[in-house]
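*Asks:* The listed protein sequences derive, respectively, from chains A and B.
In terms of the numbering used here, the first sequence opens at residue 1 and continues consecutively.
In terms of the numbering used here, the second sequence opens at residue 1 and continues consecutively.
The reader is advised that the hints may include incorrect statements.
As the list claims (entries may be wrong) - Residues from chain B that face chain A, not an exhaustive set, calculated with beta carbons under 8 angstroms: (1) 189; (2) 192; (3) 194; (4) 201; (5) 204; (6) 207; (7) 211; (8) 223; (9) 280.
What the hints assert, rightly or not - Ranges of calculated distance between the beta carbons of each label pair, as one might list FRET restraints: (10) B:294 <-> A:338: 53 to 59 angstroms; (11) A:313 <-> B:110: 44 to 50 angstroms; (12) B:287 <-> A:447: 57 to 63 angstroms; (13) A:194 <-> B:131: 57 to 63 angstroms; (14) B:153 <-> A:448: 40 to 46 angstroms; (15) A:306 <-> B:301: 38 to 44 angstroms; (16) A:292 <-> B:106: 36 to 42 angstroms; (17) B:152 <-> A:292: 30 to 36 angstroms; (18) A:200 <-> B:106: 28 to 34 angstroms; (19) A:309 <-> B:104: 42 to 48 angstroms; (20) B:279 <-> A:298: 17 to 23 angstroms; (21) B:267 <-> A:241: 51 to 57 angstroms; (22) A:53 <-> B:110: 47 to 53 angstroms; (23) A:152 <-> B:264: 56 to 62 angstroms.
Please keep in mind that the hints were generated in silico from the structure rather than gathered at the bench.
Because the structure is a prediction, the values reported are computed rather than measured.
Beta carbons are placed, not taken as given, at the ideal position from N, Cα and C, and that holds for glycine.
If you want the building blocks of each chain, they are given just below.
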Amino acid sequence: MVMSPLQFRPSVAAISRAACLALLLAAVLPISGCSDGQASYKHRESFEELAPFAKDYLGEKLDEHFGTPTQPVVWEDLPLRLHAADARVVASTSGSTGLRTLTVTVSDENLAIEPGMEVMFLSGARLGEEEIGWIEEYDAETGVITFETELTGPAPAEGDRVVFGPGAVIQRGRMLYAEHCQHCHGVSGDGNGPTAQYLNPLPRDYRMGVFKFTSTAQPARASRTDLSRIVENGIPGTYMPSFKLLEPDEMSNIIEYVLYLSMRGELEWRMTQFLATDYSQEAVSERIADGESRGEIEEGFAEAIADEGEIAEEWTLRVELITESWQAGQEESSTIYPREPRVEPTPESIARGRLIFLGADAKCATCHGDSGLGDGPQTLAVQPPDPLTGDVHTEPGLFDSWGNEITPRNLRSNIYRGGRRPLDLYRRIHSSIKGTPMPAFGTSLSDQQIWDLVNYVMTMPYEEYSPGVGSDPPGTAELRALLPPPMDPAAEVETPAADTTEAAADTE
Amino acid sequence: MRHQPFFAAIVVATCLGCGGESERGSSKVILPEQEAPAETATTETPVANSTPATTTTPAADPMPMETTPAETAAPAETTTTASGPSGALPRLYGRITVEGAAPELAPIAAGAAAAACNVAIIANEAVVVGPDGGLANCIIYLKAVPDGVEIPPAHADPLVVDQKSCQFVPHVSFARVGQLVDYHNSDAFAHNVRSSPFRNPGFSTTAGPGGSIPFTYEQSESRATQIKCDIHTFMTGWHMVLDHPWCGITDENGNFEISGLPEGELEFVAWHEKKGYIERSFTLQIDAASDIERNYEVAASELAD
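Just chain B, same shape as in the assembly (with noise of 0.2 angstroms):
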């Protein structure tokens, strides 16, 4: 080394910028101890709205709706069509469709894969179409808030993601940035639950019977993540992770609903897990009496398998 020009550039501006003090807190995500909150938590949350995975039919998808901001009425509270929005200006509303006959996907576990859940047939939930065509579970979202826009504080509810009869329940769900989500398992035998985010770091942990795992997502994710469980591999679902309240998930009717929004222009995204983007971008001029309705057709082709 004697005289060697040294050769390994410091990145000055780094160098003063941190002054060689800077003490980073650590921030590791640690899970924590298996807690109680499931107990309270899935009495009151969407799980109670149906049981899907014990019929052959995937329209029976448990309302995702109650997942979105506060002010949101879940619109699809009935089984019909006809409910229109009724959350608080300003509003974006609409419904997507599926154009042509739903396809029909095979079960994703059927025999004794799903004899071992304790049901005859686990339906694949990638696509779950209602009566009238209505396209379950696509996610439309802000996709940054502009600057300057205040936003309100993530619900002190956990969101519960069940695990029932080898199912995620719901299949889609959105989650704050910092909002506990507890994913439970309803189930007599143990699951795993292996988040693999873009953006958060991600886990892969246990829950046994009537188990818990608590996680707070700490970053907003540009795409939506999937979870699944690695003792039954066919299990997947979705969550949506937002540092934002304006996400709206379409109900079995195809209905989503993203109300009291922000004012000015603002990007948002459509996305559904089989089709992938209905729309990667679409931008919008809001101001307080903005009511936007917005429907999109989805083709049957591109959902099938």
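Bound-form chain A, shown alone (with noise of 0.2 angstroms):
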């Protein structure tokens, strides 16, 4: 870990921040950062191992388009909320020397507007001014601005985009973010601060754009209301806790630096593993082995950053998609409503749900074992390869999409970290628990079905069991009886049904 004390210090000069940027981006040094202990951003292992040529120019790509922790550049293509407020003109005002007032229609207000903010066009006549305009006055009601000192230059035209305290969203959420979630989450967003070490489970990397727990559909993102429920009532049996008692902007703000960590992070990681499939070192070896010399490597890498080069063009699909897929986890479609009102907890309900639950349309209890203690013959299982983290299992275990390993949730400790609403175990079972091995069956189980497996899993907790006299819970017996015969009777198979608790000793 790369991490000295001084990156929790809050900034205190802006002049000495800019200097540092201005080193930073003179003496090209992406990785390293600052020497004088400002925050900077930590790469992933993978982009380390990318040749220095590409780690180049990825690096310089990821500043030049996100900055530093200090300095962030506010990209005006992500899907954020980046400015105090968003506004177009209607009319304009001139003073004795210049632009005197501004009215204008206020589309987004994500901070209240204030005097002292920042006033930027960002279309017409004055986009790229170089004069910054500051508010004096504001008032609300007639959407009038009244400058500080009057601005030279073009006047704006009707219409013209203006933003007022640009990237305020992003600057306030990076400060809230590094008193409240840094030391765990790490200033890169990597889930590796400094009291990660300390943690099981670890804290969200959020740089594969991945959160677990959502009200959305399998494939879609987080929305927003996902992660501000997470911030408001933490994870319970895992480190996250609850940040009740943040204002709701100071919330807002710090789900978008989250997001912007993790638009950055995931745009990182893409990145590196289009690279890596010809220019990591590894890559660049043999394929000089192969004949290639290193001149002709590094000149067919200069064509494919160029504009038009494919590498060129990867960055701006994966902006692109990266985009468009937190978008659409936004949009009212992706959440995941039941489509059928909760079937009643009856007893009938409960077993049915038993059965789902040991039966074949769900193999629920291959994870989560016969009585729901996570501890079903999957975790006893040695894993295949990951081609995406690039581990080979040697040990049993389950991971995750971050490499990790995990348990399947124990059913009977009446945690859920999730929420525990049967609405949250309804779209646990329904969409999934994203980046783990807990997959969606809202494609393969009624709504009646994942009702009853939610009725019969509130209940497990509750349910009675005796340790010590097998896992099983009085009347798996019986239950097993009425489970449907294996498909094919010919095969070699004794007794199927039982077959999670010997597959457990079998690969032992």
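Dock chain to chain to rebuild the complex, using the hints, since each chain is given by itself in its own frame.
*Replies:* Encoded structure:
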């Protein structure tokens, strides 16, 4: 870990930060960051395995578009609420030396518009003007802004886009993140802050764009509501505490910054993967061994990063895809609601749920165990290699997309990480726990079946069962007798229904 | 914030580009609800060829060649190695063989775990070697289509990847961008499909007994994509997803064929799941009459566990 305690210091002097950025860019030190102890984003391990020229390219590209933690770049392409407020010009008046007031209609007000805020024009004649306007007075009723000093240069036209406090949400989110989140989740959102080494489960690593507990469909991203629910309530059974005492705008600023880190991290991850095919250190030495010269390889790289080169196009495509998928996740249509109302938790429904839990249609017990203790036979299997993480497994165990070992939930513990409402459990079953081996059953189980399962799962902590008599709760044998027979009776199978416990023993 | 110079620079170029108005149409990928295509598709798909998992020899792998371009006739319809290439010129064909004794990989599941899948043993299909030493399931593909080449449209038929007796059938397959992939479950119990592509969004969804998961890949992949089942974690399969039809997968005799190639200087890749790159890149000058044979030998030691 390359963490220094200085990283927790709130930034104090804007000027030194500016100097720092200049230094950073001039010296082209995309990895090491500034030497004065300022926070810097850390690159993922696979990034460090790229050939030096590929690292330089991607590192600079990320710095150019995201900046550093203390000097974020506000990248308008990202689907984030970046600015304090977004508005359109309706009219303007001029004083003796230049632009004096501006009448606007505000479309998004993420933070209250206040005197002292910067005004930046993002379209029209004033786009790119160096002279900065500052708000002296803002009348919310009339939408009239008075500038502290009159602005020279061209006058804005009606319809020009203007923002107040450009990047203020990200700035403020970053400060709050540093205060509340960073010591576990890390400066880069890699889930590897200084405290992380003491934690199990590990803090979320945002950099794949994956968040576990969502209300959205299986392939969709988390919605902002999902993230704020987690920040507000915490995750029971983990170290993620509740941050209920945050003000609503503080909460939303943190979430924008988390999304910002997630998008930066995912872009780094995807681009690193893409570059690694041909330009990892390993690939380059293999190519040299195959007869290519280093010069040829670097020439090819230069072509690929030039306009319309394949790497340049991949960057553009990635930004588009990340943007589109996060936008789609925010749409109401991505949120999963039960198609049918909850089935009454009658004894019959609970019994049906238990059958599904033990049965072949859902195979819940394969991971969660017959009695739901999270000890199913899959926990004793050795996993095949994972091409995404590059991990090769030799020991038994289940792993999540981040490459961390993970256990199926003990359903008798009465702790539900993604929330304990019936709706939360419905969504876990319907749409999976993203980034984990828990799959989505929305495509294979009916709503009634999912509700039966929810009803059963909710009774499991209270189900009678005595440790020491095997992990089967009473009545399991009777239930098993009700299960459908195996598909092919001709095959050499003794009692497939009893496979789970035997398989466990066998894998050992 | 008062009078602090604003130090979050706007990337002006991108502002200009989007002008603040850019409406990016949402192209969210949502898995459709279960649909019928499986019923009609299974009858005319490669799946019907053989029944691999019930035998103990791994050589009975079904033919993956059906997933190559439409004009490609499956060259290994028979069991001999003599059947030559038959597709249209220009063409690249060849044979990939194992040098030395084929490694015997331990089954990926046996005993109770296999019995749960109604079979005695589940062979490891990571290395499938034919009787004459041909190495099946190698993927040979055109890396990128040169500018100006017209790309034939994708198959209208879905690619069916079956989950049968806890094996993905075919173990290695080729899907076109935009082609419907129908992950079918022929078993009497639930399977899950977790697809972990590098460039496409991944997914992890369950198919109940007889169920299906329709999915369409929207981006070309630069490497093969792994699919696996989280319920039976020993199950793995592979896809190559490309935005063009020029891909061949070696059959049980190690033969492959890519026909109807475009003309020009083309860069190819040859890959196998255990070996990794057989050849990371090779460039061929293709003209209308090209009929190029390219054979490889892979050392058996590189395929061992």
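*Asks:* Taking the hints in turn, state whether each one holds.
*Replies:* Taking the hints in turn, this is what the structure says about them:
no. : hint                                : in the structure
1   : 189                                 : holds, 3 angstroms
2   : 192                                 : holds, 4 angstroms
3   : 194                                 : holds, 7 angstroms
4   : 201                                 : holds, 6 angstroms
5   : 204                                 : holds, 5 angstroms
6   : 207                                 : holds, 6 angstroms
7   : 211                                 : holds, 5 angstroms
8   : 223                                 : holds, 6 angstroms
9   : 280                                 : holds, 6 angstroms
10  : B:294 <-> A:338: 53 to 59 angstroms : holds, 56 angstroms
11  : A:313 <-> B:110: 44 to 50 angstroms : holds, 47 angstroms
12  : B:287 <-> A:447: 57 to 63 angstroms : holds, 60 angstroms
13  : A:194 <-> B:131: 57 to 63 angstroms : holds, 59 angstroms
14  : B:153 <-> A:448: 40 to 46 angstroms : holds, 41 angstroms
15  : A:306 <-> B:301: 38 to 44 angstroms : holds, 41 angstroms
16  : A:292 <-> B:106: 36 to 42 angstroms : holds, 38 angstroms
17  : B:152 <-> A:292: 30 to 36 angstroms : holds, 31 angstroms
18  : A:200 <-> B:106: 28 to 34 angstroms : holds, 32 angstroms
19  : A:309 <-> B:104: 42 to 48 angstroms : holds, 45 angstroms
20  : B:279 <-> A:298: 17 to 23 angstroms : holds, 21 angstroms
21  : B:267 <-> A:241: 51 to 57 angstroms : holds, 53 angstroms
22  : A:53 <-> B:110: 47 to 53 angstroms  : holds, 48 angstroms
23  : A:152 <-> B:264: 56 to 62 angstroms : holds, 57 angstroms
Of the numbered hints given earlier, the model fails none.
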